[in-house]
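Asks: The primary structure of each chain is shown beneath.
Number of protein chains: 2
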Amino acid sequence: MTAELFQHQFPNGLVLLAEPMPDVQSAAFSFLIPAGAAFEPADRPGAAAMVGEWIIRGAGDRDSRSLLSVLDELGVAHSEGAQTVHTSVSAAALGKNLLPALGIFADVVRRPTLDEQEVEPIRALCLQSLRSLEDDPGSKALTELRRRHFADPWGRSAIGTVEGVTAATPDDLRAHFRRAYRPDGAILGVAGAFDWKAVKDEVARLFGDWEPGAPTEIVERPSGPSRSHIEQETQQTQIALAFPTVPVSHPDYYRARAAAAILGGYTSARLFTEVREKRGLCYSVFASYEAFRDRAAVVCYAGTAPDRAQQTLDVTLEEIRRLVSGGVNQEELDMMRAGLKSALIMQQESSMSRSGSLASDWYHLGRVRPLDEVAAALDALTPEEVGDFASGFDLDAMTILTLGPEPLQLG
Amino acid sequence: MTAELFQHQFPNGLVLLAEPMPDVQSAAFSFLIPAGAAFEPADRPGAAAMVGEWIIRGAGDRDSRSLLSVLDELGVAHSEGAQTVHTSVSAAALGKNLLPALGIFADVVRRPTLDEQEVEPIRALCLQSLRSLEDDPGSKALTELRRRHFADPWGRSAIGTVEGVTAATPDDLRAHFRRAYRPDGAILGVAGAFDWKAVKDEVARLFGDWEPGAPTEIVERPSGPSRSHIEQETQQTQIALAFPTVPVSHPDYYRARAAAAILGGYTSARLFTEVREKRGLCYSVFASYEAFRDRAAVVCYAGTAPDRAQQTLDVTLEEIRRLVSGGVNQEELDMMRAGLKSALIMQQESSMSRSGSLASDWYHLGRVRPLDEVAAALDALTPEEVGDFASGFDLDAMTILTLGPEPLQLG
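Note that the protein sequences, when read in sequence, are chains A and B.
First residue of the first sequence: 1, per the UniProt record's numbering; consecutive thereafter.
First residue of the second sequence: 1, per the UniProt record's numbering; consecutive thereafter.
No wet-lab data here; the hints were simulated from the structure.
Please note: incorrect hints may appear among the correct ones.
Treat identical chains as interchangeable: a pair holds within one or across any two.
[Claimed, not checked] Lysine to aspartate or glutamate pairs mimicking EDC-like chemistry, simulated, CA-CA at most 20 Å apart:
hint : residue 1 : residue 2
1    : K341      : D172
2    : K278      : D63
3    : K96       : E73
4    : K200      : D107
5    : K278      : E120
6    : K197      : D209
7    : K341      : E73
8    : K278      : D252
9    : K96       : D195
10   : K341      : D379
11   : K341      : E290
12   : K341      : D63
13   : K200      : D252
14   : K96       : D372
Note that the structure is predicted; figures quoted are calculated from it, not measured.
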């Protein structure tokens, strides 16, 4: 089950992780650069996303159109964009086109044209994106929940704000590019059909002389409030809540993942059974585990009719309290384990998801977890351990956000 | 590139298609049963979706909860639901759990409990689902476009209507189940790690004595109108349009796919370049090819600010007319081809997508296309052929639907 893994850290800080998959023809990479919204100026929310869009509009000696065309000619499926911590570039292609694709994206992240004429179309695009969030109340509720639950800048969404996107000047954007696009803290995960020596040599050639950046300091600011309602004339009331748990590097990580999954991570999980199946209160309900390197949360979501929203929230909170006070049983643990182990193996069969996991593991842990290690850790869990861990959830630190025509009693 | 394929048609009509993937540990199946919205009574829109939800709530000797639990214990990722033509069940698991999963779903589609107590929670759930469509204007626009463009019942969405879901009685739902869940017309695609003889024997045991249904006749009714605006206080105006093209079984199929892709199917395609990149008119714009067995359409979508919507529509229509009158060039054809060929190979590396393709090919063609055949057909295309084909698009048969605060000039 455990595959071969190559890794190399270049003197400038760039980490290269590569896992060959001998049976596939495709190759994929996930490139994380620490240039996400957390690193944009506090008064320019959205700048990271604008830069993420700008760099793809011409780089090296290619203009915007020929850059996209050459990727299309190589049959490269790709997506780029800023997230909270990183700006990510991910791409998948036939293995023989991996090195050409890496070369193109080296231009994109190191030598973008940053043509000022592109800034207004990009601003228009980013404003459109903000506007479409207004028409997507479920995503808006989760975005606003994270903003209130995690201390700034960790609660930022890369989508930014209308004010920030409107105010950003080309100079603001260039400053973000110069400061945040850097090899120290960048992680390149590669998986699929490739030759390790060729990849390592090409990455050295493309990125070896990339200069590290100056030290940056993140100043955390408190967020909140812990209870809020956004009034909006939606058909459904959106309920989103979060409470803190341990990050991926913590010894109790697997217990936290198990507790979140048993609450709402598979089809017969507690929230699904109690809220959806038994009471038909809503179509969509889940709990998930979300993590940054040094903090994490269990996030729950439900969207439902306004006249069922209070009951949906009450049942959800009751299930969370039952998890804290009542423990979990062996059957639930077995289901959680079977689901996560299946998902692990299926993930390992996709070059795209595998490359993403390599990069994500390094971000959270500074190393790649062999799949055997994950499977063994899941196997070792007992219901007592998971129950004991869940009894320590700090529900006083819970953030609850609702969005819809009427506020709810927030318990 | 072309894999081994096993196929068998049982005397009752059920078709079994199976492609072993020697290098994976997972196995997946896609089961299409001709029990979608097209086969529900015209005055009970939503009945097929309600039945699709009912069958999973207890089957064979398992109640609702133990049915979901046993699937979770086996680590089976699954989804079920009614679509326009079919009700589909798809599942992926470790290869060793394929046969147990098939056994469970044989109960689900042949021996569901259909407990009347479940009907009200299911009705509530389906009404929630309709309500959430109101909060998702992009999906609503595409749903309403299909309803107007394709003759009924092919334009139906399985989501149904509030009236239909409210009116459906348990007897209505049972009648749909008895009439539509049948082996004749059903297709089971399997891909991944399995032993063909074991799968064939087990499918014979599970489904061999399933009785075919009585003949059914689809009565087509005209739809329309071809121009409409749905007034809704959204932040974005949604634009959706469709015009007819040839289905998958037609000799010109690859020309149709190529023309749709060149219009808006990859990142440097025409709509993306003209609407999004050059003018920043909207964040999301695309053209896609959608097909039933005997009819198909090119569907275009854009969502944008109300004050940019008219220009977005005008540019989109202009690009469609340019495709019809101006042909395509070699570079565009090469990009389209590279993208589709990469996607084909990557699809072949996933047991889930491969099982879906097997079933879909059979529905459209009555056979499975070897990937080599698809690649050869793409290689043989010339710009002249694709341009000639596009010049025959019947734009007078175009349906345009907009949704937003203000109507547009529909050209």
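Asks: Now look at each hint and say whether the structure bears it out.
Replies: Structure-based check of each hint:
1. K341 with D172: neither (45 Å within a copy, 41 Å between copies)
2. K278 with D63: Answer is between: at 12 Å across copies they meet the 20 Å cutoff, but 56 Å inside does not.
3. K96 with E73: within (13 Å within a copy, 40 Å between copies)
4. K200 with D107: within (17 Å within a copy, 52 Å between copies)
5. K278 with E120: between (51 Å within a copy, 10 Å between copies)
6. K197 with D209: Within one copy only: 18 Å inside, 57 Å across.
7. K341 with E73: Close across copies (11 Å), not inside one copy (37 Å); limit 20 Å.
8. K278 with D252: So K278 and D252 fail the 20 Å test inside a copy (32 Å) and across (50 Å) alike.
9. K96 with D195: Answer is within; shortest intra-copy Cα gap is 10 Å, inter-copy 32 Å.
10. K341 with D379: within (10 Å within a copy, 40 Å between copies)
11. K341 with E290: within (19 Å within a copy, 35 Å between copies)
12. K341 with D63: neither (45 Å within a copy, 25 Å between copies)
13. K200 with D252: neither (35 Å within a copy, 45 Å between copies)
14. K96 with D372: Classified as between; 19 Å across copies, 29 Å inside a copy.
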